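Guided by the hints, dock chain S onto chain D, whose structure is given.
Heads up: the protein sequence lines correspond to chains D and S, in order. Residue numbers in the first sequence follow this note's numbering, run continuously in steps of one, and reach 115 at the last position. Residue numbers in the second sequence follow this note's numbering, run continuously in steps of one, and reach 1110 at the last position.
In case anyone wonders, no lab produced these hints; they're calculated from the structure. Given the structure is predicted, the values throughout are model-derived calculations rather than measurements. Where is the CB? At the ideal position from N, CA and C, for every residue including glycine. Among the clues, some could well be false.
[What the hints assert, rightly or not] Chain D is faced by these chain S residues, among others (derived, beta-carbon under 8 Å): (1) Y1032; (2) P1040; (3) E1042; (4) G1043; (5) P1044; (6) F1046; (7) G1060; (8) N1096.
[As the list claims (entries may be wrong)] Under the rule of at most 25 Å between Cα atoms (straight-line distance), these lysine to any residue pairs were calculated in the SDA-like manner: (9) S:K1068 with S:Q1006; (10) S:K1005 with D:H99; (11) D:K68 with S:L1047; (12) S:K1068 with D:E44; (13) S:K1038 with D:D63; (14) S:K1038 with S:G1060; (15) D:K78 with S:S1051; (16) S:K1005 with D:P61; (17) S:K1005 with D:K78; (18) D:K24 with S:L1047.
[Stated by the list, open to error] Covered, in the sense of this in silico footprint (three residues per stretch, anywhere, with C-beta under 8 Å from a C-beta of chain S), are these stretches of chain D: (19) 51 to 58; (20) 86 to 100; (21) 103 to 115.
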Amino acid sequence: DAGVIQSPRHEVTEMGQEVTLRCKPISGHNSLFWYRQTMMRGLELLIYFNNNVPIDDSGMPEDRFSAKMPNASFSTLKIQPSEPRDSAVYFCASSFRGHPSYEQYFGPGTRLTVT
Amino acid sequence: DQQVKQNSPSLSVQEGRISILNCDYTNSMFDYFLWYKKYPAEGPTFLISISSIKDKNEDGRFTVFLNKSAKHLSLHIVPSQPGDSAVYFCAASRGNQFYFGTGTSLTVIP
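Next comes chain D alone, as it looks inside the complex (with noise of 0.2 Å):
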């Protein structure tokens, strides 16, 4: 199995510019996180779906950003209009349980850089 596939592996962008990373769970997984890493606050789930449907959203920092997951093989979270304090990794994850509490599998991350 490939694992979880994340692109692009890093992002460079200007303030202002929309960014979109994407993600391909392991298949047969039928839930999908996105996390974003910064030094001072680790690890922050953003959202998370089940079976394609979002079921909790409530980590995501504002309306700039959002996130899609059109299909079971497919993500993509998108920042529009990007600012420097977007500059982190982002994770993405899957999960054949369905909830945070089990397992998940993570791919390796996009450093996002917004200059």
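Frame of chain D, contents of chain S only:
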């Protein structure tokens, strides 16, 4: 406000000795706790978990202890090996709430 805290940013241990990583939480209603390990440039990988109805769970060299009265959990690694050098995150959940700590960087010295 951090609901899950790892107050030691780093820890160094000699190979073969015990590593003890600590984690404190604020919400007494959390019902599951997990530990993840993370190597540089990789995503976290699951290590071990414990339900709030238990006070200990063991898996090979890894043991997690939960002290609900103190709102404290710890991960014991024994014996420690150089390959255990990584950042360790604790996490806690209840319902749709799920929180990670900020991590402790463990270095096992050969």
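Hints, verified against the model:
Because the beta carbon of Y1032 (chain S) sits about 4 Å from the nearest beta carbon in chain D, less than 8 Å, this interface hint is met. Interface restraint check: P1040 (chain S) against chain D, minimum CB-CB distance 11 Å, threshold 8 Å, status violated. Restraint check, E1042 (chain S) versus chain D: the minimum CB separation of about 6 Å is within 8 Å; hint holds. The criterion of a C-beta within 8 Å of any C-beta in chain D is met by G1043 (chain S), whose closest approach is roughly 3 Å, and the hint holds.
A least Cβ separation of about 5 Å between P1044 (chain S) and chain D falls short of the 8 Å threshold, and the interface hint therefore holds. At its closest, the beta carbon of F1046 (chain S) sits 4 Å from a beta carbon of chain D; the interface hint therefore holds under the 8 Å criterion. The interface hint given for G1060 (chain S) is broken, as the beta carbon of that residue sits about 16 Å from the closest beta carbon of chain D, more than 8 Å. A distance limit of 8 Å between C-beta atoms decides the matter here; for N1096 (chain S) the minimum to chain D is near 4 Å, and the interface restraint holds.
About 16 Å separates the Cα atoms of K1068 (chain S) and Q1006 (chain S), which keeps this hinted pair within 25 Å; it holds. Of the pairs offered as hints, the one joining K1005 (chain S) and H99 (chain D) holds, with about 22 Å between alpha carbons and a cut-off of 25 Å not exceeded. With a CA separation close to 29 Å, the supplied pair K68 (chain D) and L1047 (chain S) exceeds the 25 Å bound. For the hint linking K1068 (chain S) to E44 (chain D), the alpha-carbon distance of about 23 Å falls within 25 Å, and the restraint holds.
For the given pair, K1038 (chain S) sits about 30 Å from D63 (chain D) by alpha-carbon distance, which is inconsistent with the 25 Å threshold. Of the supplied pair hints, the one linking K1038 (chain S) and G1060 (chain S) holds, its CA atoms being roughly 19 Å apart against a limit of 25 Å. Straight-line distance between C-alpha atoms of K78 (chain D) and S1051 (chain S) comes to about 34 Å, which puts the hinted pair past the 25 Å bound. In summary, the hint linking K1005 (chain S) to P61 (chain D) is supported, as the alpha carbons are separated by about 20 Å, within the 25 Å threshold.
For a cut-off of 25 Å, the pair hint linking K1005 (chain S) to K78 (chain D) is broken: about 29 Å separates their Cα positions. Taking the CA atoms of K24 (chain D) and L1047 (chain S), the gap is near 23 Å; set against the 25 Å cutoff, the hint holds. Only residues whose beta carbon comes within less than 8 Å of a beta carbon in chain S count, and the region 51 to 58 of chain D has 3; three or more means the coverage holds. Counting residues of the region 86 to 100 of chain D whose beta carbon lies closer than 8 Å to any beta carbon of chain S gives 4, which meets the minimum of three for the stated coverage.
Only residues whose beta carbon comes within less than 8 Å of a beta carbon in chain S count, and the region 103 to 115 of chain D has 7; three or more means the coverage holds.
In this structure, the hints that do not hold are numbers 2, 7, 11, 13, 15, 17, in rising order.
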